[in-house]
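Enquirer: Sequence:
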Amino acid sequence: MKMQLHRVLLLLLVLMALTVAAQEDQQPIDQEESAEVFLEEYTDDFQEAFFEALKQKGIQNYDRAANLLLECKQLRPDDSSIDHELAKVNLLDKKYVLAEQYGIEALNSEPANFWYLNTLNTILERQGTALEMKKERIPFDNPFLQQNLANIYFKSKRYDAALQIVKGLKRTKELEELRLKITDSIDKIKHLSSDDPVVVGETPQNTVAVNPVEEIQLALAGYISTMNIEKVYELASSAVEEYPLQPFFYYALALAQNSKGNHSAAVETLETGFDYLFDNQELSNKFFEEFSNAYRSLGNTSKANEYLAKIKNGL
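Just so we're aligned, residue 78 is where the sequence shown starts under our numbering, counting upward by one.
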């Protein structure tokens with residue numbers, strides 16, 4: 078009886094997922110038949126564990142949900158949807174390093190999957206980093222991934238970044254429509270900033286909001302990935318002045334200072350920025366790495382090893 082109830086509830090969950098997918102793709106789908114086929118592909122043990130994992134995630138029992146999903150992964154090790162669920166659960170639990178690991182595994186299995194990319198991008202944003210910094214671990218040049226990324230950036234109002242991606246892709250009708258939407262949004266921002274100044278604290282209708290912190294983080298991530306140290310130093314220096322509570326900017330500045338041989342300045346920058354760093358293991362590791370690099374260059378091997386030992390991989 079319990080298994081039958083679980084099967085019915087899981088069927089409802091699958092129907093909901095298929096409904097969302099059909100709406101996203103704007104394609105008709107026989108939902109009930111597809112859901113039944115979905116369930117037939119999985120064993121009762123898998124269904125039991127998967128349903129319970131969703132239930133535990135819903136009540137915020139993330140450790141239990143993750144363990145159940147790992148059981149599902151043992152039953153179906155090549156199922157990328159399980160990696161995706163593990164990524165989402167660990168993201169909710171703020172275990173960002175683990176979330177990133179599973180997010181990357183899922184995306185590598187299905188580079189064209191929009192939601193896999195969207196989840197991974199969210200995970201990286203929570204860590205103060207950008208997808209461009211993970212190029213070597215994912216099929217970043219895949220055209221479908223690139224198109225999805227352009228859509229993600231457009232939806233999050235990162236219009237310049239979205240336009241840059243679109244310009245590098247082979248022109249299609251869909252991409253041309255996206256390009257026009259991006260350029261239209263950019264034009265609206267320019268028009269608002271030049272003709273209709275906005276009073277701080279007010280949000281007029283039809284105003285397009287832009288997050289300057291995210292724009293700077295994305296730009297810095299790009300410069301870091303190409304090791305354009307002068308650009309990193311220039312942009313990070315101004316960023317810590319304008320946004321003194323953003324730890325990623327201090328990390329970027331310290332990286333540039335270390336690269337330029339200003340190791341004492343790097344230590345000072347890292348010490349200041351670390352005060353604003355909360356619950357972000359990956360960015361903490363980056364701080365520790367730069368601390369270690371700076372102290373080693375200053376000849377303080379003891380301090381260098383001390384910070385090196387602080388680095389955790391989250392596994």
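Hints are computed from structural coordinates only; laboratory data are not their basis.
Because the structure is a prediction, the values reported are computed rather than measured.
Don't take each hint at face value.
[As the list claims (entries may be wrong)] As a list, the in silico BS3-like pairs of lysine-lysine whose alpha-carbon atoms are at most 25 Å apart:
id, residue 1, residue 2
1, K244, K234
2, K265, K250
3, K234, K211
4, K212, K232
5, K234, K250
6, K265, K212
7, K211, K132
8, K267, K337
9, K212, K244
10, K134, K171
11, K308, K172
12, K172, K211
13, K150, K134
[Unchecked claim] Simulated DEER-style distance windows between Cβ atoms:
id, residue 1, residue 2, range
14, L257, E318, 42 to 52 Å
15, N144, M304, 17 to 27 Å
16, N144, S379, 24 to 34 Å
17, I263, I306, 27 to 37 Å
18, K244, S379, 15 to 25 Å
Quick reminder that beta carbons are idealized off the backbone N, C-alpha and C, glycines included.
Enquirer: Please go over all the hints and tell whether each is borne out by the structure.
Expert: Here's how the hints hold up against the structure:
| no. | hint | verdict |
| --- | --- | --- |
| 1 | K244 / K234 | holds, 17 Å |
| 2 | K265 / K250 | holds, 23 Å |
| 3 | K234 / K211 | holds, 21 Å |
| 4 | K212 / K232 | holds, 21 Å |
| 5 | K234 / K250 | holds, 21 Å |
| 6 | K265 / K212 | violated, 32 Å |
| 7 | K211 / K132 | violated, 32 Å |
| 8 | K267 / K337 | violated, 36 Å |
| 9 | K212 / K244 | holds, 19 Å |
| 10 | K134 / K171 | holds, 13 Å |
| 11 | K308 / K172 | violated, 31 Å |
| 12 | K172 / K211 | holds, 18 Å |
| 13 | K150 / K134 | holds, 16 Å |
| 14 | L257 / E318: 42 to 52 Å | violated, 37 Å |
| 15 | N144 / M304: 17 to 27 Å | violated, 40 Å |
| 16 | N144 / S379: 24 to 34 Å | violated, 40 Å |
| 17 | I263 / I306: 27 to 37 Å | holds, 29 Å |
| 18 | K244 / S379: 15 to 25 Å | violated, 50 Å |
Going through the hint list in order, the structure does not satisfy hints 6, 7, 8, 11, 14, 15, 16 and 18.
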